[in-house]
Amino acid sequence: MKTTTINFIGNRNIAMGFSGILMVIAIVSLFSKGLLMGIDFTGGTLIEVGYSQAADLTALRKTLDDNGFNDATVQNFGTSKDVLIRLKLQEGVSSADLSVGVLDAINKNVSEPAKLRRVEFVGPQVGDDLAQDGFLALLYSTIGILIYVAWRFEWKFSVGAIIATFHDVIVTLGVFSIFGLEFDLTVLAAILALIGYSLNDTIVVYDRIRENFRLLRKTSTEDIMNISINETLSRTIMTSLTVILVLSALFFLGGEVIHNFSLALLFGVFFGTYSSIFIASPMSLILGISPEDLMVPIKEGADIDTMP
Amino acid sequence: MQNHFPLWKNLIILGVFFVSLIYALPSLYGEDPSVQISSVNSQKLGPDKANEIELAVKAAGVSAKALEVNNDQVLVRLNNTDDQLKIADLLREQLGKTMTVALNLAPTTPSWLRAIGAQSMYLGLDLRGGVHFLLEVDMDAAVRQAEERYVDDVRVALRNEKIRYLGVVKDAGFIKVTLKGVEDKTALLALLDKDFHLSLDVKEPPEQDQVWLKISEYQEKEIRKLAVSQNMTALRNRVNELGVAEPVIQQQGENRIVVQLPGVQDTTRAKEILGTTATLEYRLVDVEHDVMKAIEGHPPVNSRLYYDKNGGPILLDKRIIVTGDQIVDASSGMDQDGRAAVFISLDGPGAAKMGKVTQTNVGKPMAVVFIEYRVETKLVNGEKIRHKEKVEKVISVATIQGVFSKRFQTTGLDSPQEARNLSLLLRAGALAAPVDIVEERTVGPSLGQDNINKGFLSFIVGFGLVVLFMMVYYKLFGMIANLALAFNVVIVVSILSMLQATLTLPGIAGIILTVGMSVDANVLIFERIKEELRHGNAPQTSIFIGYEKAFATILDSHVTNLVVAIVLFAFGTGSVKGFAVTLIIGILSSMFTAITGTRMIINWIYGNRRVEKLSI
Numbered sequence: 085m086k087t088t089t090i091n092f093i094g095n096r097n098i099a100m101g102f103s104g105i106l107m108v109i110a111i112v113s114l115f116s117k118g119l120l121m122g123i124d125f126t127g128g129t130l131i132e133v134g135y136s137q138a139a140d141l142t143a144l145r146k147t148l149d150d151n152g153f154n155d156a157t158v159q160n161f162g163t164s165k166d167v168l169i170r171l172k173l174q175e176g177v178s179s180a181d182l183s184v185g186v187l188d189a190i191n192k193n194v195s196e197p198a199k200l201r202r203v204e205f206v207g208p209q210v211g212d213d214l215a216q217d218g219f220l221a222l223l224y225s226t227i228g229i230l231i232y233v234a235w236r237f238e239w240k241f242s243v244g245a246i247i248a249t250f251h252d253v254i255v256t257l258g259v260f261s262i263f264g265l266e267f268d269l270t271v272l273a274a275i276l277a278l279i280g281y282s283l284n285d286t287i288v289v290y291d292r293i294r295e296n297f298r299l300l301r302k303t304s305t306e307d308i309m310n311i312s313i314n315e316t317l318s319r320t321i322m323t324s325l326t327v328i329l330v331l332s333a334l335f336f337l338g339g340e341v342i343h344n345f346s347l348a349l350l351f352g353v354f355f356g357t358y359s360s361i362f363i364a365s366p367m368s369l370i371l372g373i374s375p376e377d378l379m380v381p382i383k384e385g386a387d388i389d390t391m392p
Numbered sequence: 288m289q290n291h292f293p294l295w296k297n298l299i300i301l302g303v304f305f306v307s308l309i310y311a312l313p314s315l316y317g318e319d320p321s322v323q324i325s326s327v328n329s330q331k332l333g334p335d336k337a338n339e340i341e342l343a344v345k346a347a348g349v350s351a352k353a354l355e356v357n358n359d360q361v362l363v364r365l366n367n368t369d370d371q372l373k374i375a376d377l378l379r380e381q382l383g384k385t386m387t388v389a390l391n392l393a394p395t396t397p398s399w400l401r402a403i404g405a406q407s408m409y410l411g412l413d414l415r416g417g418v419h420f421l422l423e424v425d426m427d428a429a430v431r432q433a434e435e436r437y438v439d440d441v442r443v444a445l446r447n448e449k450i451r452y453l454g455v456v457k458d459a460g461f462i463k464v465t466l467k468g469v470e471d472k473t474a475l476l477a478l479l480d481k482d483f484h485l486s487l488d489v490k491e492p493p494e495q496d497q498v499w500l501k502i503s504e505y506q507e508k509e510i511r512k513l514a515v516s517q518n519m520t521a522l523r524n525r526v527n528e529l530g531v532a533e534p535v536i537q538q539q540g541e542n543r544i545v546v547q548l549p550g551v552q553d554t555t556r557a558k559e560i561l562g563t564t565a566t567l568e569y570r571l572v573d574v575e576h577d578v579m580k581a582i583e584g585h586p587p588v589n590s591r592l593y594y595d596k597n598g599g600p601i602l603l604d605k606r607i608i609v610t611g612d613q614i615v616d617a618s619s620g621m622d623q624d625g626r627a628a629v630f631i632s633l634d635g636p637g638a639a640k641m642g643k644v645t646q647t648n649v650g651k652p653m654a655v656v657f658i659e660y661r662v663e664t665k666l667v668n669g670e671k672i673r674h675k676e677k678v679e680k681v682i683s684v685a686t687i688q689g690v691f692s693k694r695f696q697t698t699g700l701d702s703p704q705e706a707r708n709l710s711l712l713l714r715a716g717a718l719a720a721p722v723d724i725v726e727e728r729t730v731g732p733s734l735g736q737d738n739i740n741k742g743f744l745s746f747i748v749g750f751g752l753v754v755l756f757m758m759v760y761y762k763l764f765g766m767i768a769n770l771a772l773a774f775n776v777v778i779v780v781s782i783l784s785m786l787q788a789t790l791t792l793p794g795i796a797g798i799i800l801t802v803g804m805s806v807d808a809n810v811l812i813f814e815r816i817k818e819e820l821r822h823g824n825a826p827q828t829s830i831f832i833g834y835e836k837a838f839a840t841i842l843d844s845h846v847t848n849l850v851v852a853i854v855l856f857a858f859g860t861g862s863v864k865g866f867a868v869t870l871i872i873g874i875l876s877s878m879f880t881a882i883t884g885t886r887m888i889i890n891w892i893y894g895n896r897r898v899e900k901l902s903i
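Going down the list, the protein sequences come from chains A and B. FYI, this note's numbering numbers position 163 of the first sequence as 247, with every residue one higher than the one before it. FYI, this note's numbering numbers position 305 of the second sequence as 592, with every residue one higher than the one before it.
It should be emphasised that the hints constitute simulated quantities derived from the structure, not laboratory data.
Straight line, CA to CA, 30 Å or less: simulated BS3-like cross-link-like pairs of lysine-lysine:
(1) B/Lys558 x A/Lys172
(2) B/Lys345 x A/Lys199
(3) A/Lys199 x B/Lys558
(4) B/Lys741 x A/Lys165
(5) B/Lys836 x B/Lys900
(6) B/Lys640 x B/Lys508
(7) B/Lys864 x A/Lys172
Work the whole structure out from these sequences, hints included.
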């Protein structure tokens, strides 16, 4: 790949506008529709059973209804042979015994008993704790990265990187909200991993900008940014491609359990790549970054050759 | 000598590679579904027992792969999980209560690898199947119980010191002692200072004849600590009764306990055993007062109204003779008359108390109160409320036949089964505080194997795609990066095996993700080399500068990933933690393999010679 000469910075308003619209859509959906929280956070019971043939969901629903599990939702999971039964925290019923009751109910008077594949029960207190831990993890990783980037670069870069990263996180969450995809612990882990990845991408670009600031002293800030983004473009795309390759393998072959995990990362990597090209650098430009911010101060009496 | 590593550097890299390869090897060997038989009372299992087991297995028409006797236990390796379940059920029936029969996955690692401590990766429950419980210890109940004990102890101490009192009662968070006369107060305070100095805080209210006591902060901390550790001991015993090969019982946070039972499929029974808290209280029966009056709402001062299992009312003395936590052993069986019975042994203080009471009460009836704590989470008006039910039941009333202290038996149980259940719960140690299952994650064995297969398949495909992509795009340099990539996976697997960190499905996803991300370092380097070539630098110089310049970028960009992974490790639980672990190891080892590993090979190929063109 030859080094390209695309005017990213000059056309930054297009990207900014596009991202603005994406963000607004995502935020509106997050506030109006919200996220479909998994039982990890809401508490509740989830039972996955398997049959050797396609399961009769209508019959299952009726059986559960007849046995007093009125609020059970029944759906296929992955294949038509696997069934996922979800139950909310129920009034008056001991939650730990719920799964046993459900299994007894659906295996009564049937020719082929269901094979228990998975039970997850999360009590309300644990759900709250997991949500709180998740929020704290998000907070601490953000703070940690803010400090690191500010230390290694400059605060305007740091803020730019964080804005670009939040853009990725919010848009990915927006996708989950709009399409009603379940948000559970593994998705939260994916979102955090995405923060790391998105920043990794941004930092490679910033690194080049810093280098070029010191190298090309007479060039304008905008031009330096353009040159830097173009120089790192093939790397940005290459790395994203390899990551997307492995994530696709996970998405298509990894099974239903980590489906949403790989989906969150796929979207995240896509937006992360986009934002590190189109958003991160213009953001720091808007914040007023200039070559002086990154100059190595010349020491009094230093030898002229030691200048970078 | 621009692109040349000194010999020691090459040797270190190759050494690391060799060692990781060996320690990664065990994971290539599979695991045999097996049944593990050990003695309940840690007796050694001799060859004759092994023969007996072998015959039993043969008689069932199942061919065992191998039968091993070591570490006082017998291991039967089988061909598949169906055989495993069949044999386990069979042996449980035949060997009875003296043996613990547990399902296990025995690694097939050859002995020379085992000899150097190489183990296969430790698979999490989502991969091997099993149950994960998170139990919460009810600390408030533990403290309340302790308060009750102190009320008793203070009463006894007052009586021993001949200090006359009107009452010792629990009220508004205090233990309130009301004296008969104000003149005894000095004696009381002296007694408290002598016997309860550390455990009770003394407060003197305006009422001159009263002293208010409160469990001290220090003591409360001790009670809480004890409540968890006592529960953990009890759980360990109970889990042993269940027959689990490699149980994990760990404290999590201040008041929670994680219980992981790999391979357990009968979750109902596991829950029954783990979830209920049962304890016993021995009390004297009040035969002097009228039960009917108590039912009408006028119970005698020193007695309380209870109901037996048939619903009949009975008056019991308020004083407890012995509680469950003073029971050291309990076993079930038949007494001389062939009735179901529980044989009970008490600890020192319990025995002393029992001896004293029975001495003066021969011929009088004594009752056993069985107390169960069931905790339920209910939704009331949309709010989550944890409801605790204390079910008290008089399970037996027996006449004290003679003076006894340390050993005695309780009869009057419905069936041998009931006696067995009760003794099981008692032997496991009466719990100090009730526990409540607040989280459960069960994975069936078929799903576990499914997860392994899917994880492995996506790894192979993901890895293959990246390898192909790198080879096409970067030619020879891509191939070198691919070698480093394989090297990276070997290191990750070996470190996971060495640390025996839990590999979960998200953990496998983490390895796959690092495969995609670790080539990033090589992409950075190779793009840099290409750039340098484009600027007209000589191949050797380009390699040198490429590595040099890319290094800082790689460091900066990987640290952000590392920060996030570490935060994830700190806050994540269970399978998410597994993801964080593989991510951390993957990021660190990829820096080594992608930078140093590839450089070594490139130096071998291009170093120390004239190069016209690079295959990049």
